[in-house]
Structures are given as C-alpha cells and as structure tokens.
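Engineer: These are the residues of each chain, in order.
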Amino acid sequence: MIEIQLLDRELDPKYCTECVYTPEAGGIAVFVGTVRNQTADKRVLRLEFEAYEKMALSEMRKIAERAAEQWPVKRIVIHHRTGVLYAGDIAVIIAVSTPHRKAAFEACAFAIDTLKETVPIWKKEIFEDGEVWVAAHP
Amino acid sequence: MIEIQLLDRELDPKYCTECVYTPEAGGIAVFVGTVRNQTADKRVLRLEFEAYEKMALSEMRKIAERAAEQWPVKRIVIHHRTGVLYAGDIAVIIAVSTPHRKAAFEACAFAIDTLKETVPIWKKEIFEDGEVWVAAHP
Amino acid sequence: MNISILAFGIARDIVGQSEFDFELVEGGTVGALKEDLVDRYPDFAKLVSFAIAVNGTYVTDEHVLGVKDEVVIIPPVSGG
Amino acid sequence: MNISILAFGIARDIVGQSEFDFELVEGGTVGALKEDLVDRYPDFAKLVSFAIAVNGTYVTDEHVLGVKDEVVIIPPVSGG
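Chains as they are written, first to last, in the numbering used here: chain A, 1 to 138; chain B, 139 to 276; chain C, 277 to 356; chain D, 357 to 436.
Just so you know, not all the hints are guaranteed correct.
What the hints assert, rightly or not - For lysine-lysine, the following DSSO-like pairs were computed, each having C-alpha atoms within a straight-line distance of at most 27 Å:
{"#": "1", "chain 1": "C", "residue 1": "K344", "chain 2": "A", "residue 2": "K54"}
{"#": "2", "chain 1": "C", "residue 1": "K322", "chain 2": "A", "residue 2": "K42"}
{"#": "3", "chain 1": "B", "residue 1": "K240", "chain 2": "D", "residue 2": "K390"}
{"#": "4", "chain 1": "C", "residue 1": "K344", "chain 2": "A", "residue 2": "K124"}
{"#": "5", "chain 1": "B", "residue 1": "K254", "chain 2": "A", "residue 2": "K116"}
{"#": "6", "chain 1": "C", "residue 1": "K310", "chain 2": "A", "residue 2": "K54"}
{"#": "7", "chain 1": "A", "residue 1": "K102", "chain 2": "B", "residue 2": "K262"}
Claimed, not checked - Listed below are several chain A residues computed to face chain C (Cβ distance under 7 Å; list not exhaustive):
{"#": "8", "residue": "M55"}
{"#": "9", "residue": "L57"}
{"#": "10", "residue": "S58"}
{"#": "11", "residue": "A68"}
{"#": "12", "residue": "P72"}
{"#": "13", "residue": "R75"}
{"#": "14", "residue": "V119"}
{"#": "15", "residue": "W122"}
For the record, the hints were derived by calculation from the structure and aren't laboratory data.
Glycine included, each C-beta is placed from N, C-alpha and C at the ideal position.
Just need the whole structure built from these sequences, with the hints factored in.
Structural biologist: Here's what the structure looks like:
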C-alpha cells in the first residue's frame with residue numbers, strides 16, 4: 001500500500017504512523033523533517049515551499065515503488081507540505097513498515113535521501129536581511 | 139532531554155514524536171516496534187512482556203545517554219510496553235531528534251539494536267499449541 | 277517552433293515569470309533548449325545545475341521537443 | 357552465606373519461583389553462583405546464555421557477592 005500526498009496544511013505524524021500499521025509488520029520507521037530555526041549562523045524567519053505538483057506526486061510515487069522493490073515494504077506513506085512554514089513546522093513525513101526493523105530503517109532513509117534529490121519541490125529561506133533558494137547555487 | 143518510560147498501557151507515537159520536536163532539530167527518526175501475527179510459520183495468539191523494571195529503566199537511560207554521546211541528539215524518548223500484547227500492538231517506540239537526518243537514523247537504529255541486547259525485558263509468545271520465551275534457547 | 281515553458285523556484289525568478297513562450301528550432305533537443313536558455317538568461321549558468329522535465333518526467337539532453345509538450349525548467353530541488 | 361535471588365522470564369520457570377534463597381560460600385563470586393545454579397537446575401545450561409545483575413547492574417563472573425546484594429538472574433532478553 002502506497003500513499004502519497006502533497007498538502008498545504010499541517011502534517012500529521014500520528015496519521016502517517018497509523019497508516020502503515022499492519023499486523024504482518026514488525027518494524028515501522030518514520031522520518032519527520034522539521035524546519036530548523038537557523039542555517040549556518042543566520043536565523044531563518046520562515047520558509048516558502050513550492051512544488052511542481054503533478055510531477056512531485058509522480059516522483060514521490062516512484063520513490064515509494066522503488067523502495068517496495070528493494071525492501072519487503074508492507075506499507076509506505078510520504079506526505080510533503082507546501083506553502084509557508086516556520087521553525088518547528090513539519091515539512092515532510094515518511095513512514096515505512098516492514099516485517100523486520102532493519103529494512104524499515106533502510107527503506108525510510110532511501111526514501112528521504114532520494115526525495116531530496118529528485119522531487120521537484122523548492123524551498124526559499126527568508127532571513128531578516130534577505131532570502132535565498134536553498135541549494136540553488138554552489 | 140531524555141525521557142524513558144515503561145508502561146503497561148497503549149504506547150502513543152504522536153506523544154513521542156511531539157516530545158522530541160524542537161526548532162533546533164531538522165531531523166526526527168522514530169522507530170515503532172509492533173507485534174507481528176506470526177513467527178516462522180506459527181500464528182501468535184498474544185505476547186506477554188515482563189520487565190525487571192528498575193534495571194530496564196536504568197539500561198534504557200544508559201542507551202539514551204550513549205546515543206547522546208555519539209550523535210548530536212537534541213531529544214530522545216524511549217517508551218517500552220509491558221503486559222499482554224496482541225498482533226498490531228506497539229511494544230516499543232524510540233524517537234530521536236538531531237540537527238540533520240543521518241544522525242537521527244543512526245542514533246535511532248543504535249538505540250533499538252542495543253535495547254534488544256541489554257534491556258532486561260522478556261517476551262513470551264503464546265501459540266495455539268504452546269508457548270515459548272523468545273530468544274531463550276539456541 | 278514556439279514552445280511554452282513553465283519555470284519554478286529560482287528559474288521563475290531568473291526568467292521573471294512562471295510561464296513564458298520560447299522560440300526553438302523545429303525538432304530541437306532539450307540540450308539545445310538548455311543552451312539557448314543560458315544564452316538568453318546567463319544566470320542559469322550560475323546554478324548548481326538545472327534539468328528539464330517534459331510531460332512530468334525528467335528527460336536527457338538528447339530528447340527531442342514537440343510543440344505540444346509540457347516543458348518545465350527544474351532548478352536544483354530542495355524539498356524535505 | 358544465604359543470598360536472596362530474583363528470577364525473571366524463563367529463569368523463573370526453571371527455578372519454579374520468582375524469588376528464592378540460595379546457599380553460597382562466603383565471598384563467593386558470580387561465576388561460582390552461575391556454576392552452582394547450573395548444577396542445581398540443569399536447564400540453565402540449555403539457555404543461549406544467562407547473566408547476573410547485582411543491585412541493578414550487569415556484573416562479570418569475578419564480581420564478589422555480599423549477603424545484602426540484590427541478585428537477579430537475567431536470561432536472554434527479548435524486548436522490543
């Protein structure tokens with residue numbers, strides 16, 4: 001079972017965790033990515049996330065499918081947020097259930113690592129004295 | 139911040155995840171260990187968990203402290219359940235927050251791996267035709 | 277041929293709009309488009325990289341573009 | 357000397373009770389206790405292993421036991 005969502009409202013770790021429960025699974029790994037309050041030494045006031053929605057959804061689905069090919073994934077949920085976020089807000093949740101825990105950790109780490117490489121979502125950090133698109137420039 | 143609990147009631151992934159939120163952390167890894175409905179080919183009716191409580195708590199605390207020495211852990215929560223559990227019930231939750239995600243995954247995996255080696259908690263699997271203390275015999 | 281291009285993130289800032297028309301030779305490739313984009317908007321050369329998606333999928337430089345394709349500039353992603 | 361021992365999990369099943377008294381020579385070590393336990397309850401030899409905790413901490417075989425110690429038999433753990 002794969003569930004992929006792009007949401008412009010608060011993400012829910014409880015929902016995502018419950019979503020991957022199944023009696024056949026013995027291990028659930030969840031990654032929750034939150035917004036930090038500083039980058040290097042600069043205080044971040046807020047972040048603005050935007051997505052190329054159609055493709056963000058299809059690329060997230062590809063990640064879930066690839067994870068399910070490589071590990072015995074019972075269920076996987078990927079929720080990503082868009083819009084304006086503040087320090088402490090959740091930007092992404094990935095929950096994976098597998099029969100044994102090692103695969104759950106590996107599949108979950110694979111999913112977040114790959115998401116950060118392939119999914120067309122961009123974040124702009126807004127500081128007191130300016131703003132920057134994260135990762136755009138060397 | 140370290141929180142360790144041994145509980146004889148339902149564990150709460152939402153509470154544990156929220157407990158490790160902090161604006162300084164960018165990555166939260168959560169492990170949720172659930173009871174599977176079978177071992178090898180035998181259907182498990184229920185599990186009975188018992189703990190040497192005082193020492194289980196102190197060994198879980200040692201794990202959290204060792205994780206915090208090895209990784210930049212902001213907060214770590216370890217909740218373990220005791221008593222009678224059924225397929226799908228949560229036996230353990232470990233949540234860890236760190237500034238970056240790699241450390242969160244590593245610290246969380248370290249904590250559950252070590253818990254399964256050192257914490258004096260025992261589970262008995264009850265089948266239709268008998269029962270067995272898990273891991274007791276070769 | 278005249279193709280319509282969508283731009284997200286810093287690509288939109290560089291181009292100055294989120295959707296724009298761009299003139300490309302008939303049967304032009306993605307590689308040719310990227311070179312033309314850098315010629316017209318030199319700030320694209322300052323990015324770590326940028327990719328082109330066609331109809332919702334990443335494509336290589338050899339991919340040949342058609343006038344009805346949904347062409348999107350994908351600057352370095354930073355989700356998560 | 358007479359020491360009081362707690363037994364959990366399969367150790368309790370082997371001994372038949374969760375708390376029992378055990379006679380050990382004065383200044384006896386944990387190693388000596390383990391040998392005596394196996395002599396009296398041969399089923400301990402069938403376990404993958406078993407450890408002894410004293411006052412809430414794992415101790416090695418060289419550890420010398422005292423009459424007031426909280427001594428606990430720790431069969432293979434299986435939490436999580």
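Engineer: Each of the hints needs a verdict: does it hold here or not?
Structural biologist: These are the hints, each one checked on the structure:
1. Taken as a hint, the K344 (chain C) and K54 (chain A) pair is honoured in the structure, with Cα atoms around 17 Å apart against an allowance of 27 Å.
2. Under the criterion of a C-alpha separation no larger than 27 Å, the hint pairing K322 (chain C) with K42 (chain A) is consistent with the structure, at around 23 Å.
3. Of the pairs offered as hints, the one joining K240 (chain B) and K390 (chain D) is violated, with about 42 Å between alpha carbons and a cut-off of 27 Å exceeded.
4. In summary, the hint linking K344 (chain C) to K124 (chain A) is not supported, as the alpha carbons are separated by about 31 Å, beyond the 27 Å threshold.
5. For the hint linking K254 (chain B) to K116 (chain A), the alpha-carbon distance of about 32 Å lies beyond 27 Å, and the restraint is violated.
6. With a C-alpha separation of about 22 Å, the suggested pair K310 (chain C) and K54 (chain A) falls inside the 27 Å cut-off, and the hint holds.
7. For the hint linking K102 (chain A) to K262 (chain B), the alpha-carbon distance of about 22 Å falls within 27 Å, and the restraint holds.
8. This hint holds: M55 (chain A) has a C-beta 5 Å from the nearest C-beta of chain C, less than the 7 Å allowed.
9. Taking 7 Å as the C-beta contact cut-off toward chain C, the hint placing L57 (chain A) at the interface is violated, the least distance being around 9 Å.
10. Residue-level restraint check for S58 (chain A) holds (minimum Cβ-Cβ distance to chain C is 6 Å; threshold 7 Å).
11. Against a cut-off of 7 Å between C-beta atoms, the interface hint on A68 (chain A) is violated, since the closest Cβ of chain C lies about 20 Å away.
12. Interface restraint check for P72 (chain A): the shortest CB-CB distance to chain C comes to about 24 Å, outside 7 Å, so the restraint is violated.
13. Interface restraint check for R75 (chain A): the shortest CB-CB distance to chain C comes to about 20 Å, outside 7 Å, so the restraint is violated.
14. The beta carbon of V119 (chain A) comes within 5 Å of a beta carbon in chain C, closer than 7 Å, and the hint placing it at the interface holds.
15. For W122 (chain A), the interface hint holds, since its Cβ comes within 7 Å of a Cβ in chain C; the closest pair sits about 3 Å apart.
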